[in-house]
Each structure stands twice: as structure tokens, then as C-alpha cells.
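Residues per chain are reported as follows:
Number of protein chains: 4
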Amino acid sequence: MKKIGFIGLGHMGLPMAKNLVKNQYQLNVFDLNPEPLQELKALGAHVAISATDAIQNVDVIISMLPSSPHVESLYSGPDGLLASITGKPLIIDCSTIAPDCARRVSKAAADKGLHMLDAPVSGGVAGAEAGTLTFIVGGNSDEFNSAKPILEAMGSKIFHAGDHGAGQVAKICNNMLLAVHMIGTAEALNLGVENGLDPKVLSDIMVSSSGRNWSLEVYNPYPGVMENVPASKSYDGGFLVDLMHKDLGLAMEAAQSVKASTPMGTLARSLYAMHSQHGHGQLDFSSIQKLFSGE
Amino acid sequence: MKKIGFIGLGHMGLPMAKNLVKNQYQLNVFDLNPEPLQELKALGAHVAISATDAIQNVDVIISMLPSSPHVESLYSGPDGLLASITGKPLIIDCSTIAPDCARRVSKAAADKGLHMLDAPVSGGVAGAEAGTLTFIVGGNSDEFNSAKPILEAMGSKIFHAGDHGAGQVAKICNNMLLAVHMIGTAEALNLGVENGLDPKVLSDIMVSSSGRNWSLEVYNPYPGVMENVPASKSYDGGFLVDLMHKDLGLAMEAAQSVKASTPMGTLARSLYAMHSQHGHGQLDFSSIQKLFSGE
Amino acid sequence: MKKIGFIGLGHMGLPMAKNLVKNQYQLNVFDLNPEPLQELKALGAHVAISATDAIQNVDVIISMLPSSPHVESLYSGPDGLLASITGKPLIIDCSTIAPDCARRVSKAAADKGLHMLDAPVSGGVAGAEAGTLTFIVGGNSDEFNSAKPILEAMGSKIFHAGDHGAGQVAKICNNMLLAVHMIGTAEALNLGVENGLDPKVLSDIMVSSSGRNWSLEVYNPYPGVMENVPASKSYDGGFLVDLMHKDLGLAMEAAQSVKASTPMGTLARSLYAMHSQHGHGQLDFSSIQKLFSGE
Amino acid sequence: MKKIGFIGLGHMGLPMAKNLVKNQYQLNVFDLNPEPLQELKALGAHVAISATDAIQNVDVIISMLPSSPHVESLYSGPDGLLASITGKPLIIDCSTIAPDCARRVSKAAADKGLHMLDAPVSGGVAGAEAGTLTFIVGGNSDEFNSAKPILEAMGSKIFHAGDHGAGQVAKICNNMLLAVHMIGTAEALNLGVENGLDPKVLSDIMVSSSGRNWSLEVYNPYPGVMENVPASKSYDGGFLVDLMHKDLGLAMEAAQSVKASTPMGTLARSLYAMHSQHGHGQLDFSSIQKLFSGE
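Protein chains in written order, with the numbering used here: chain V, 3 to 297; chain S, 3 to 297; chain W, 3 to 297; chain U, 3 to 297.
Calculated directly from the structure, the hints in this document are not laboratory data.
Where a beta carbon is used, it is the ideal one built from N, C-alpha and C, also for glycine.
There may be inaccurate statements among the hints.
What the hints assert, rightly or not - Here are the computed lysine-lysine pairs in the BS3-like style, where the Cα-Cα straight-line distance is at most 27 Å: (1) V/Lys-109 x V/Lys-90; (2) S/Lys-292 x U/Lys-159; (3) V/Lys-109 x S/Lys-202; (4) V/Lys-90 x V/Lys-114; (5) W/Lys-90 x V/Lys-292; (6) U/Lys-292 x S/Lys-292; (7) W/Lys-109 x U/Lys-114; (8) W/Lys-4 x W/Lys-43; (9) W/Lys-90 x W/Lys-24; (10) V/Lys-109 x V/Lys-248; (11) V/Lys-150 x S/Lys-5; (12) S/Lys-159 x V/Lys-202; (13) W/Lys-292 x V/Lys-248; (14) W/Lys-202 x W/Lys-24; (15) S/Lys-292 x V/Lys-202; (16) V/Lys-292 x W/Lys-248; (17) W/Lys-24 x W/Lys-43; (18) S/Lys-248 x S/Lys-292; (19) V/Lys-24 x V/Lys-159; (20) W/Lys-248 x S/Lys-248; (21) U/Lys-109 x W/Lys-150; (22) V/Lys-248 x U/Lys-202; (23) V/Lys-159 x V/Lys-114; (24) S/Lys-248 x V/Lys-159; (25) V/Lys-202 x S/Lys-150; (26) W/Lys-109 x W/Lys-24; (27) W/Lys-202 x U/Lys-292; (28) U/Lys-24 x W/Lys-202; (29) U/Lys-159 x W/Lys-159; (30) U/Lys-150 x W/Lys-202; (31) V/Lys-114 x V/Lys-4; (32) S/Lys-109 x S/Lys-24; (33) S/Lys-248 x U/Lys-159; (34) S/Lys-43 x S/Lys-109.
As the list claims (entries may be wrong) - Pulled from the structure, derived: some chain U residues nowhere near chain W, Cβ distances all over 12 Å: (35) Gln-28; (36) Leu-39; (37) Gly-79; (38) Thr-88; (39) Gly-89; (40) Met-254.
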């Protein structure tokens with residue numbers, strides 16, 4: 003069975019690594035935080051003493067880091083992994099980062115004769131734990147086909163978005179659209195309620211009509227309309243406002259570089275920033291409903 | 003079989019009236035334009051010489067007019083129908099108008115002992131012709147139940163949104179949300195394409211992910227992605243930009259009166275107004291894609 | 003000296019009427035609230051028992067009412083003044099209302115052979131008390147010249163904007179632009195402060211540069227930067243958030259009727275609505291700064 | 003007299019360098035484009051063969067480059083100037099770049115014992131030629147005082163915004179506010195004109211009222227209202243749409259990093275991007291008026 007070096011074991015990385023272990027992969031794991039390392043050791047993973055140590059003699063390297071500078075520094079920095087990799091492991095970066103950064107790093111990898119894909123995920127912590135993540139992958143077809151079986155150990159939908167960086171672009175476009183229809187749904191529900199409608203009745207009408215969208219279908223932001231969604235649990239958990247804000251920042255960066263107009267997407271960024279400034283950065287992103295209800 | 007006075011035989015009203023005739027209702031029809039009257043006469047309807055004439059001795063009155071002032075003037079003006087109605091016909095106004103106007107007119111009807119519902123539709127000309135419209139109805143439960151069988155002769159989904167005016171509110175909320183996710187979809191697709199993605203691949207990814215919405219599912223705005231949608235027919239037909247602009251104006255009016263914040267919805271209005279100013283008012287509303295591609 | 007019938011003695015109307023009295027005009031005054039009537043009686047005005055009573059045998063009628071329906075009902079309703087006016091008094095409506103409404107009422111006046119101008123004001127309660135209001139007048143040149151001396155008793159700047167309704171249009175355009183640069187100023191100051199700048203230093207730089215605008219010059223929204231402005235008095239008094247929201251609603255109405263795109267103006271409306279929903283409707287409109295600082 | 007190494011002689015840099023020569027400074031100049039070098043040589047400047055050559059034995063280094071990566075690479079790259087500077091010249095970077103980049107580079111300079119200020123300008127090519135630029139400077143007071151006399155040879159207003167990076171922040175805030183009131187002015191003028199007003203009359207009213215701003219005062223965007231502005235010369239010259247778009251991108255970056263909400267500023271970015279997509283990137287930024295008039 004293939005040997006994988008896994009770097010970055012946060013809220014997402016840890017359950018992803020666990021699923022690889024469950025699927026019989028041999029893991030070399032590393033994170034600056036010792037806690038997840040202990041957890042994985044108990045499951046049979048080998049705990050490395052550094053990122054460089056984690057990638058010795060592996061077939062695949064997977065990284066799951068918070069942002070572009072982390073990825074750039076891990077791979078391309080003066081002490082970056084690209085300088086010390088031995089063999090020809092396939093590199094899969096699952097971080098959500100700027101497409102330009104993904105392209106730069108995969109180019110640097112290619113310059114060393116290495117194959118590197120961008121494979122950001124959606125589905126959140128719950129999806130990571132259940133092994134039902136969606137992976138949106140950028141790289142050539144051969145690279146995609148090599149990575150697919152490994153990604154299937156952690157997710158249920160594996161999309162090939164296009165060449166290097168395309169995984170990041172598609173993820174960013176999707177999340178920008180998600181933010182737009184979530185806010186649009188919240189303001190439509192608020193407009194209806196302020197005009198005397200029942201939020202559940204209005205939701206039922208819109209989800210059966212042309213207003214239909216994912217937020218209405220599975221993640222209704224109005225408290226009490228749907229069970230088992232963050233809106234009915236004080237907006238606890240889920241996909242945090244501050245993480246949505248980060249993704250919208252990546253969308254703006256991608257828009258700026260090609261002079262694309264994104265009026266709805268950038269308004270969404272400002273509304274999430276405002277919501278965070280009002281103290282709600284650690285709530286689920288459907289809590290944007292509060293911005294309209296004035297709570 | 004019930005006798006219906008039908009007033010307003012435009013692009014929507016005419017096919018609606020035809021479906022009632024097909025369903026064996028006796029129709030008294032009136033419009034200022036003689037053409038649709040001749041068409042309905044050939045099908046067996048009685049052609050009235052005035053709106054007042056059309057509603058004599060009927061069980062049901064149906065009106066389908068362009069805007070609030072038309073409805074107010076038809077029913078409540080100095081020569082309004084409410085002053086001359088005989089008997090107790092059920093009144094169903096299918097126009098899309100301001101909720102306040104709908105409430106005022108139904109109140110004036112109630113003052114005369116008459117029952118009046120607001121029942122705006124969605125589904126467009128195609129839905130009107132096929133008899134598959136969606137009706138979103140405001141009025142009390144008894145009124146709704148009386149109207150339902152008649153509406154079912156013209157539509158396939160009949161929603162009860164709440165009390166008088168609620169049909170208009172729900173329609174407006176739905177269409178505002180539709181405008182928001184249509185524009186959001188257009189700008190996400192444009193952002194992806196400008197960053198090198200294939201619009202079809204990106205659409206496939208987003209419709210299977212959290213970006214999913216009605217625009218992506220059945221009405222993709224990017225030319226060539228989907229067959230048989232306006233985007234693949236030069237944005238011909240469908241739901242016109244100027245009509246979407248009108249509905250967004252009603253949403254703003256409804257928002258203003260209750261001081262509801264609708265940042266996405268009002269931005270959508272301004273973008274549709276801009277698109278219309280650039281000469282595209284008579285294209286399908288998915289043509290907003292052109293605003294982003296700069297054609 | 004001319005005799006004036008003055009109807010509507012609220013926060014603005016009362017001090018305006020007082021200035022007319024001070025300038026030796028004979029006043030017939032009316033309001034539904036008895037308090038301002040007593041105040042004006044003590045200054046020598048004649049207190050009428052109804053609006054109709056207030057306009058008997060006067061040379062000029064001035065009205066100062068809260069909104070379009072009030073003005074329409076005062077003049078054109080079934081018991082409206084236009085039906086009972088004797089003589090040929092010049093009518094000056096100083097209310098801020100929809101241009102369409104102003105045009106309708108002045109047209110109805112003209113149909114009776116009467117001259118009516120729209121003359122909305124800016125300058126707030128302080129300007130009304132000091133007699134330094136700005137009047138923005140719509141009507142023909144003769145009408146404007148007749149009204150000018152009277153308006154000069156209450157204001158220091160009297161503009162002729164154009165024909166009937168043009169006073170309202172110009173007032174609305176000005177206030178929309180005011181809202182836009184006030185919010186723009188607030189967000190620029192917040193952006194600077196969050197990036198480590200001193201708000202006073204940044205204000206000094208921008209007011210001397212191309213960012214200069216009235217908000218920076220005389221009404222800085224950041225607490226502590228300028229003395230004697232609402233921002234340095236807990237946003238007390240001044241021009242209330244809810245009144246700005248009302249004016250932005252009129253701007254939207256004027257935009258909708260001509261399909262004008264107003265992305266900044268309608269975003270401003272939504273942000274003021276949001277601010278009001280968060281409980282700040284009765285603060286000065288420069289308090290929009292709080293929306294950005296997250297207080 | 004002080005010896006200055008000047009790097010970057012584009013549309014702005016060239017006239018700035020000429021003004022230094024006129025003020026008796028000895029210049030070592032460098033640019034990749036030979037044309038401006040010849041022009042400066044004719045005026046008595048020494049033409050260097052590389053950036054490194056240009057800064058040998060100078061008292062002051064001035065750079066004027068297009069964007070953050072250019073500045074970072076000039077100073078901090080592997081062959082960056084910071085590695086080869088001899089002596090202790092004062093470094094003044096006049097480029098408009100990201101504050102974070104300015105801070106990083108000035109920190110790198112400080113690590114070598116060098117003083118470096120950020121001193122972005124406003125006033126455009128005309129201001130650069132006339133020697134009337136505005137400099138907005140970030141650095142400590144001693145550094146500011148050292149730089150001031152040199153900047154006064156090129157500009158008429160020299161502001162001290164705060165510590166390193168603060169010059170960039172203030173410039174960005176100012177330009178964001180400029181974009182907002184320019185667009186606000188354009189949409190207010192369009193709204194007035196569409197409602198029957200004369201753009202000159204409306205401009206006169208607003209510039210004398212609370213709508214007043216720099217765009218109305220000196221740069222009216224409506225064709226024909228003001229002489230000798232870009233709007234009356236087919237929007238030729240001035241401050242280009244694409245440059246405003248670049249500055250708004252820097253504002254977004256600065257907003258993103260501190261989670262500041264900038265709804266007006268980011269909407270401005272999207273509208274300028276849209277305007278550029280429609281083929282107007284090389285027009286003056288007041289041409290945004292065309293977006294509203296639909297030309």
C-alpha cells in the first residue's frame with residue numbers, strides 16, 4: 003500500500019488523515035501542534051519530527067494549510083520541501099489558496115520534475131469526518147487520475163476542474179456564489195417576514211420556484227425553519243463567517259488580477275466583514291441573517 | 003359550469019384565458035386590444051364591450067394587468083368595477099403589483115362584501131400556454147380553497163402564501179432572490195472563464211456543490227453551456243430584462259415601507275437598469291451575463 | 003404686507019413660520035398638533051381651525067408636510083384645498099416628496115388656474131431656526147420670481163432647479179450624493195484607522211486632496227475629529243438616519259420610473275435601513291460610522 | 003547639492019526627475035526604456051547602466067514603479083538594491099503599492115541600517131510636470147523632515163501620514179473615497195438628467211449644497227458642464243480607468259487584511275472593472291458617467 007506524508011492536521015487535516023489510515027494507507031504525519039499527532043499515532047500513523055522528515059521516502063505528499071503564504075513557505079521557501087524531496091512523490095495540496103500561488107508552487111515543483119495538484123475541498127469538518135468531502139482538482143489528466151483513488155478515501159465527489167490552479171479557481175467561484183445566494187436568501191426571507199409572511203411558508207414557496215438554491219434546500223438561514231442546521235442551533239459550528247470572508251478575499255484577488263467585475267461577490271465580502279466586525283466572526287456563515295434582522 | 007369574466011388579455015392573459023376555455027369554463031372576455039378578443043371569440047368565448055360588461059352575472063372575475071395603477075384604476079377608480087359589480091363573484095387578480103396596492107384593493111372589495119385574492123404567477127408565457135403556471139396566492143383559507151380549482155385549470159402549482167397581499171410579497175421575494183442568484187451565477191462563471199476555466203466544467207462543478215441554484219440547474223446564462231435556454235438562442239424570449247427590473251422595483255417598494263435592508267436585491271435592480279440602459283431591455287434576463295463579459 | 007396661509011408646523015415648519023412672522027408677514031397657521039399653534043399665536047399669528055380655514059383670503063399658501071400622501075391628500079383629496087381655494091394665491095409646497103407627486107399636484111392646481119411650486123429645503127432644523135435654509139425650487143420662471151422674496155425670509159440660498167417637480171428631483175439627487183459620500187467617508191476613515199492611521203491626520207489629508215467632500219469639510223463622521231458636529235456629541239440631533247432613509251427611498255422611486263441605474267445610491271439606502279434595524283434610526287446620519295466600527 | 007539616484011522614468015517619473023534637475027539636484031537616472039534616459043541626459047543628468055549603478059555614491063534614492071512586485075524585486079529580490087547599497091542614502095519610494103509591501107521593504111531596509119519612506123503621489127501627469135504633486139508620506143518624523151525639501155522640488159503639498167506604510171494607506175483611502183464620490187456624482191447627475199434636469203443647473207445646486215465634493219468642484223464627469231476637464235474632451239487623458247482600478251484593488255487588499263468592510267469602495271472596484279471590460283480602460287476615470295448613460 004502507498005505511503006503518504008501528510009502535513010497540516012487542523013480541524014480538516016486531522017479527520018482527513020484518519021480516513022486515509024482507515025483505508026490502509028501508511029501515514030507519516032506532521033503538524034506544529036502535538037495533539038493531533040498523538041491521536042494519529044494511536045491509530046498507527048508514524049509521527050515525523052518535521053515536515054522534511056514527514057516526506058522522506060513517501061509515494062504521495064498531502065498538505066492542508068490555512069493560507070497561501072503557508073503553502074508557499076512550506077514548499078518554496080529557503081527551507082522549502084521542494085529543495086529536499088527525494089524520489090518522485092505525487093504532491094496534492096488540499097489547502098484553499100490563491101490560484102496564482104497554486105500555479106507558482108506547482109510550476110516550481112514541475113521545475114524539479116515533480117507533479118503537484120491543487121485539490122481544495124468543500125464539505126466542512128463534518129464532510130472530512132464522514133469521508134464525504136468534495137475535491138475540486140487542478141492539474142493535468144494523468145496527475146488527476148493518479149490522485150483520484152487517494153482522494154476517494156477522503157471524499158465522495160472528485161471533480162477535475164482543469165489545469166494547475168483551476169481547482170482553486172473553481173472552489174473560489176463556487177464559494178463566492180454560495181455567499182451570494184446565502185445573503186440573497188437571508189434578505190429575501192427578512193423582506194418577506196417584515197411584510198408579514200411566515201418564513202417557513204415563504205421558504206417552501208421559493209424552494210419550489212425559481213428562487214431555489216442550495217441555501218434554501220439544505221441550509222436555511224432563518225431560525226426555526228429547518229431542523230439540524232446551524233440556524234436552529236444559534237448558528238453554532240458549520241462554516242465560519244471568518245472562513246467565508248477569507249474565501250471571498252481570494253475571489254477578489256482572482257477578480258482583480260483579470261479585471262473581472264464581481265459586484266455581488268465583493269458586496270458579499272463587505273457584508274461578511276461587517277458581520278465579523280459586529281462580533282460574529284466565529285458563527286456559522288448563515289448567521290448573516292442577523293445582519294438583516296438587526297439582532 | 004362556472005362563468006368567468008376575464009379582463010386583460012396580453013401575452014400572459016390570453017393563453018391563461020384559452021386554458022380556461024379548454025377546461026369548459028364559460029368566459030366573458032375584455033381587453034382594449036381587439037386582436038386577442040377575436041382569437042377567444044373563435045374559441046367560443048363571449049366578447050364583452052367593456053370591463054363592466056365583462057363582469058355582469060359572472061361567478062368569478064379574473065384580471066391580468068401590467069401594474070399597480072392599472073389594477074387600482076380598474077377596481078377602485080371613479081368608474082371602477084367595485085362600484086358596479088352585481089352578485090358576489092370571487093375576484094382573483096393575477097397581476098404582479100405592489101403588496102400595498104393589493105391590500106388596498108382587496109380591502110375596498112371587502113368593504114363591499116366581496117372576496118378578492120391576489121394570485122400573481124410565475125412561469126412566463128411558456129407556462130401560461132402549457133397550463134403549468136405557478137400561482138402564489140394571498141387571501142384567507144376559504145377564499146384560497148374557492149379559487150384553487152380555477153387556478154388549477156391554468157397552473158400546476160398553487161401556493162397559499164398567507165393573507166391578502168401575501169401572494170405579491172412572496173412573488174416579489176422569490177423574484178428578487180432569482181435576480182440575485184442569476185447575477186451571482188453570471189459573475190461566478192465570468193470570473194472562472196477569465197481565470198481560464200471552461201464554463202461547462204465550472205457549471206457542472208457548482209451545480210453539484212454548494213453554489214447550486216435554479217439558474218445553474220435549468221437556465222444557465224453562459225452561451226453554449228446548456229441547450230434550449232435563452233443563453234443559447236442569443237437571449238431571445240424568456241423573461242425580459244425590463245420585466246425583471248419592474249419586479250425588482252416592487253421589491254424595493256416593499257423594502258422601503260418596512261425599512262428592510264436589501265443590499266443584494268437593490269444592487270440587482272441597478273445592474274438590470276444599467277443593462278437596460280445599454281440597450282438590452284428586451285432580451286431575456288439571463289443576458290446579464292453580457293454585462294460581465296463586456297460584449 | 004402679504005398674507006400667508008401656513009400648514010404643517012412640525013420641527014421644520016414651526017421655525018420657518020416664525021421667521022415669516024419676524025419678517026412682518028401676516029400668518030394664518032394650521033396644524034393638527036395644538037402646541038406649535040399656541041407658540042405662533044403668542045407671536046401674533048392667526049390660528050386657523052382647519053387647513054381650509056387657514057387659506058381663506060391669503061396671497062400665498064405654504065405647506066410643510068412629511069410625505070407624498072400627506073401632500074396629495076391636503077391638496078387633491080376629496081376634501082382637498084384645491085376644491086375650496088378662493089382667489090389666486092401662489093402655492094409653495096416645501097415638503098420633500100416624490101417628483102411625480104409634485105408634478106401631479108401642481109398640474110391639478112394649474113387645472114384650476116393656480117400656480118404651485120415645489121420648494122423642498124435643506125439645512126435641517128438649525129437652518130430653519132436661523133433662517134438660512136436652502137430652497138430648491140421647481141416651477142416656471144415667473145412663479146419662481148414671485149416666490150423668491152418670501153423664501154428669502156426663511157432661507158439664504160434659493161435655487162431654481164427647473165420646471166414643476168424639478169425642485170424635488172434636485173433635492174433627491176443632492177441627498178443621494180450626500181449619503182454616498184458620507185458612507186464613503188466613513189468607510190475610508192475606518193479603513194485607515196484599522197490600518198493604523200490617526201483619523202484626524204487622515205481627514206486632514208483627504209480634505210486637502212481629491213477625496214474632499216462636504217462630509218469631510220463640515221460634518222466629519224468620526225468621533226473626536228471635529229468639534230461641534232454630531233459625531234462628537236454621540237451622534238445626537240442633526241439629520242436623522244430615518245429621514246435619510248426616507249429621502250433615499252424617494253431617490254429609488256425616481257430612479258425606478260426612468261430605469262436609471264443608481265448602484266451607490268441604492269446601496270446607501272440598504273445600509274441606512276440596516277443601520278436603522280440595528281436600533282440607530284433616531285441618531286444623526288453620520289452615525290453610519292458605527293456600522294463600520296462594529297460598535 | 004545632493005546627489006540623487008532616480009529609478010523608474012515612466013509618465014510620472016520622468017517629469018518628476020526633470021523637476022529635480024531644474025532644482026539643481028545632480029541625478030543618476032535609470033530605466034529599462036532608453037527614451038526618457040536620453041531626454042534626461044540632454045538636461046544634464048547622468049545616465050546609469052543599471053539600477054545598481056544608479057545608486058552608487060548617492061545621498062538619496064528615489065523610485066517610481068508600477069506595482070508592489072516591482073518594488074519588492076528592485077529592493078529585496080536576490081539581486082535587490084538593499085544588498086548592494088553603499089553608504090547611507092535616504093530611500094524614498096514614490097510608487098503606489100500595497101501598504102504591507104511598503105512595510106516589508108522598509109523593514110528590510112531598516113535591517114540594513116537604512117531609512118526608507120513610502121511617499122506615493124497624487125496629482126497625475128499634469129501635477130508631475132507642473133511640480134505641484136501631493137506627496138503622502140509614511141515614515142518617522144526625522145525621516146519625513148529629511149525627505150521634505152527634496153519632495154518640495156516636485157510637489158506643493160507634502161503630508162506626513164504616519165509611520166512606514168501610512169503614506170500608502172492614506173493614498174489608498176483617499177483614492178477609494180475619490181472613486182466613490184465620482185461614481186456617486188455620475189449617478190446623481192444621470193438620475194437628474196433622466197428626470198428632466200439640466201446637468202449644469204443640477205451641478206451648480208449640488209456643489210453649493212451638501213452634495214459638494216471634489217468631483218463636482220473641479221472634475222465634473224458630465225460632458226459639457228465644465229470646460230477643460232476630461233468629460234469635455236471625450237474623456238481623453240487624466241487619471242485612467244485602469245489605474246483607478248489598480249488603486250481600488252490595493253484598497254481591497256488593505257481592507258481584507260484587517261477585515262474592514264468597504265461596501266462602497268468594493269462596489270466602485272467592480273464598476274470600474276466592468277467599465278474597463280466594456281472597452282474603456284484607457285479613458286479618464288470620470289468616463290464612468292458612460293456606464294450610467296448607456297453609451
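Hint check against the structure, violated hint numbers in rising order: Violated hints: 2, 5, 7, 11, 14, 15, 21, 22, 23, 24, 26, 27, 28, 29, 32, 33, 34, 40; rest satisfied.
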